[in-house]
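Residue numbers (my numbering), protein chains in the order written: chain L, 1 to 178; chain Z, 1 to 655; chain G, 1 to 142.
Be aware that a few hints might be false.
Listed below are several chain L residues computed to face chain Z (Cβ distance under 7 angstroms; list not exhaustive) [as the list claims (entries may be wrong)]:
1. Leu-11
2. Val-12
3. Ala-15
4. Phe-17
5. Leu-26
6. Trp-77
7. Tyr-117
If you're looking for bench data, these hints aren't it; they were derived computationally from the structure. Virtual Cβ for every residue (Gly too), placed ideally from N, Cα, C.
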Amino acid sequence: MKRLRIFLWGLVGVAMFLFGLFAYQLTQPKDEFVESAMIGEKIPPFDLRAAVEDRPGLASADLANGQAKLVNIFASWCVPCRAEAPHLETLRESGAEIVGVAIRDRPEDVARFLAVYGNPFTRIGADDISEVQLSIGSSGVPETFVVDGNGVITYQHIGDIRADDVPVILEKLREAGA
Amino acid sequence: MIAEFGLVALWLAAALAGLQLFAGFMGLREGGEGIAVLARPAALVQALLCGVSFFTLLWLFARTDLSVALVASNSHSAKPLIFKLSGAWGNHEGSMLLWVTVMALAGGLIAFIERRLPEKTMLATLGAQAFVALGFYAFLLFSSNPFERLAVAPVEGNGLNPLLQDIGLAFHPPTLYFGYVGLSVAFSFVVGALLTRQVTPDFARVMRPWVLGAWCLLTIGITAGSYWAYYELGWGGWWFWDPVENASLMPWLAATALLHSVSVLAARDALRAWTVMLGVVAFSMSMVGTFLVRSGILTSVHAFAVDPERGSFILALLALNIGGALAIFATRAGTVAEGERFSVFSREGALVINNVALSAILGIVLLGTLYPLLTEAFDVRVSVGPPYFNPVGAIFLFPMLIVLAIGPILRWRGDSFARIRMPVLVLGGLLLVAMVALWAITGIGILPLLGLALALVVAVGSILPLRGRSVRRLPVAVWGMVIAHFGVAVTLFGMASDTAFQQERLVAANIGDVVEVGPWTAQLEAVSPVAGPNWTAIEARLSLRYEGQEVAEANPQARSFWSPPTETSEVALTTRWNGQLYTALGNQAEDGRWQLRLWWKPFVTWIWYGGLLIALGGALALVGRVVGDIRRRVAGRKIVDRKADEAAIAAGSGS
Amino acid sequence: MKHLIALLALALSTPLAAQDSLPPAPYAYNQLEDPALEEQARELMLTLRCLKCQSQSIADSDAPMAGDMRHQVRTRLAAGETPDQIRLWLIERYGDYVSYEPRVTASTWPLFVIPFVLLLIAGLIIRGRLVARGKPEGGAAG
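The task is simple: from the sequences and hints, build the whole structure.
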C-alpha cells in the first residue's frame, strides 16, 4: 500500500508538472519562425545567375569583399515582400548595401515587381530551386540577413521589415562593420 | 426568441447540475437522505433540458438563422441540409454543447436505470458526474456561448467551405466526443467508488459497458481518421505521429488498458488499484487531448478555434478534475483494499503485463508529443517523429503482443506451464519460422519483419480460445474478444506489409505513356477538365492492368475550388483484396507532361479492416455483457417472485 | 482528429495568389534511377520536417520548398553523400527542428532515458507480482 501511495503522489506530481508546463506555454507567444542555425557561420559557396538584366548576379565571393551587406531573400509572388519594399528603400537611403536573392522566380516577373515596388538592390541572384536559401537556413520569404565583410552571417530578420525594424537592422549592420 | 429559449434551457440545465452536485454529495452525509432523493430526478431533468438546448441549436442551423453569431460564421443558406445540421457541431461552441448534451444524457441514463450499486456510491457517482459537467457548463456559458446574437444579422453566412462539406467529417468528431463522454462516465463511477470505498466487482460490472462503448467509438474514430488522412492528404501516409493524432491515440491506449483491467475486477475481484488509476488516466487523456487540440500550443494544431482563453479554461477544468481525482486516490490508497491474489502465470498475470505495456506506450506517446513543448520553454526547438515513436513504442508493443497471443488461453488465478506447453511451443515455433523465412526471402527492415511475424502469431493465438469449445455455446463476449484480438493481427499485418512492401512511382508522363508499379501497369489515356458544383478540376484517365489483365480505370483529379480559392488533390483508389493502388495527379510540366504519383500498397486496407474488426469485437462484448446483465436482472426478479410465491404458498398451507 | 486534419489541409492548401510560377526542381517530383538510392531518399525524406508546413514531412508535402528540399536530398544522395550527412547538413542550417529523428543531446536526453525508466518501472511492477506471491502483503499495483 505504501508503494502504491508513493507511486500515486508521483503521478500527482507528474500531472501538476504537465499542467504547469501547459499553463506556462499558454502565456507564451507562439514562435512561428524557424531560426537559421547559420548565424556566426560563413555563407557557403554559391554562384547565382542574374535574376534581371540590369543587375549582376550574386556569388558568395561578392559577399566576402570586405563590405558588410544586407542579403534580402524575396520573390515577386510574395505578398509581404511588397509591404517591405519601402523600408528596404529607407535602408538603402541610410547607406546600406542590399543584395537580393529572388526565390523561384521568372526574370520578367522580377523585373515587373522591381518596376512597381522599387529596386534597392545592387545585385540580384536567381535562386530557382531554393538552393542558396536552404544553404543559409532560411525557411521563407521575405527574410533579411546581415553579412559582414568576410561573408559571415551576423543577424537574421524573419518576415517583412516594418518601420521599427529599420533602426535595429542598421545597428546590426554597423556592428558587422559597415 | 428561439436562440434565447435554447440559452435559457442551458442555464436551467446548469442549475440542475448544481442541484445534482449538491444532492449527491450532501446525500452522502449522515441524515442526508432527504436531499439525496433529488439527485436522480435532477440528472433526468437536466438531460431533458440539455437535449432541448441542443435541439434548439440544430433548429437554428436548419433554418439558417443568421442573427445568431455561430450560424452566421459557420453556415450558409445554400448548403445541403445535412451539412447545415452537421455545421451545428462542426465548430467549437456547438461541439462543446454536443459534448455536455451527451454527457447529460449519459448522466440521465445512469440515474434512471442503474440500481446495482449501493445507493451512496450512486450518489457520489452522480455528484462527481455533476461536478465534471458543471465545469463544462461554465465553459459554455461564460466563454463559448453558442446562442450569442449578432447586433446586425448579415445577409449571408460565412460557412460554405467545400473542404469541410464531407460526410465523414460531419460524423467523425462526434464519434470521438461520445467516446470521451463514455470515459467521463467511467471516471465518475471511479470517483464515486473511491469516495464510498466500494471498488468492488459490482462497480466494475456497472462501469464496464461504458468503458466498452467508449472504447469502440474511439477505435472507430481513430480508424476513420486514419483512413481519411490517407486519402485526403494525397501522399499515401496513414499515420504521421502528428500531435493531433497522438491526442486521439492516448485516450484509446488508456481505455484499452482500462477495459482489460475492469474485466479482471468484474470477474476476479483483482487489479482494483489498476482499474481506479486507469479510469482516472483515461478521462484525463481525453481532456489533455482536447486541451492540446483546442489551445493550439503544439505545432500542427494551428487549425481552428485556437484561443488561449479557451485553452486556459480547459486547463483549469483539467487540473481541477484530474488533480482532484488523483489526490483523492492518493489519500485513499490504503482504503482500496488488496484484491484477490493470483499467480504471475495466470490470466490475471498476463493482463497485468498488458496493463503495464499499454501504460508504458501511453507514457512514451505522451512524452514524445509533449517534449517539443518542454524544450520550447528553454528556447530549443526539436521535432519528435516516426523515427522515435516507432522503435521506442515497439520495445513495449512487441512483448505485449506475445502475451496477447497466449494470455487468453491461460486459466484465472494460476496455471501450469505443462498444461499450455503445446500451444506455446507451436506459437513460438511459428514466430521463429516466420521470422527466419521473412528474413531469408525478403530482407525487409527489422520492425516490419517482427510486425509480420507477430501478426501471424497473434492471429493464430487469437483463435486458440475457441479450441475444444462448442462454438455455439460460446458466450458472445468471448466471441468479441476473439474477433478484437484477431483484428489486432489484421491491422498489424496491414501496417507491416505496407511499410515493408509498398512501391512508389513518381513520373512525368505524356498521354499514352505506360507506368509500371509493382504488379500494375497504368497507361495515361487522357487528361481533361471536369466541373463540379463549386469546383473545376483536371482529371486524368488511367487504364490499369493488374498482372497483365485489364481491370479498371482510375481518375485522379487536381481540383480547384473557387470559394474560398483552394487546390486539392483528389486521389483515385483502386482496391483489390490484397491492397490498393493509389494514384494522384500533379501539375503539368512546361514540356506538357503530367506529374503522376502512383503507389502500390499491398494489404494497406487491412489496417482499417482490422480497426473495424477490433471495434466489432468491442461491440459484441458490449452486447454480450448488456444482454447478460438484463438476463441476470430478469432471473433475479424471477427468484424474488418465486420466493414470494413460495412464501405465499407456505402461508396459504399454513393457514 | 480528422476534423482538424481537414482544417490543417485547408491551411496548407496553397492560396492561388501566393503561388510561385517556376516549375518544380528536377528531383522534387522525380525519382532517382537507382532503386536502392531512391529507397534511402524516401526513408530520409519521411523523417525531415517541411519548414513551411505545420507538422508534415517533406515526403508528404506539396509545398514548393518541400519540393526543393526533396531535390537537395536526391541530388546529394546521387552525389554520394550518406543520409546521415544530409540530415546533419540540414540540422547545421535549421537546428534539430528540421529532423524528426531526435539526436541525443544535452536537451533531448530525457527522451531516451525515460523509456528505460518506464521499462524499469514496468519490470518492478511485474516483479512485485512475482515476489509477492505467497506473501501476505501484496504487489503495489494489484
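Legend entry - Evaluation of the interface hint that places Tyr-117(L) against chain Z, nearest CB under 7 angstroms: At about 24 angstroms, which exceeds the 7 angstroms cut-off, the nearest Cβ of chain Z leaves the hint on Tyr-117(L) violated.
Inset, instruction - Classify the hint on Leu-26(L) as holds or violated, based on whether any CB of chain Z lies nearer than 7 angstroms to its CB. - result: holds (5 angstroms)
Inset, instruction - Using 7 angstroms as the Cβ threshold, decide whether Trp-77(L) counts as touching chain Z. - result: violated (15 angstroms)
Legend entry - Per-residue hint verdict: Leu-11(L), partner chain Z, C-beta under 7 angstroms: For Leu-11(L), the interface hint holds, since the closest Cβ of chain Z sits about 6 angstroms away, which is under 7 angstroms.
Inset, instruction - Go through the hint on Val-12(L) and say holds or violated, using the shortest Cβ distance to chain Z against 7 angstroms. - result: holds (5 angstroms)
Inset, instruction - Please verify that hint: Ala-15(L), Cβ, nearest Cβ of chain Z, below 7 angstroms or not. - result: With Cβ-Cβ at 6 angstroms, under 7 angstroms, it holds.
Legend entry - Supplied contact hint for Phe-17(L), tested at 7 angstroms Cβ to chain Z: Phe-17(L) check fails; min Cβ-Cβ to chain Z is 10 angstroms, beyond 7 angstroms.
The structure is inconsistent with the numbered hints 4, 6, 7, although it conforms to all the rest.
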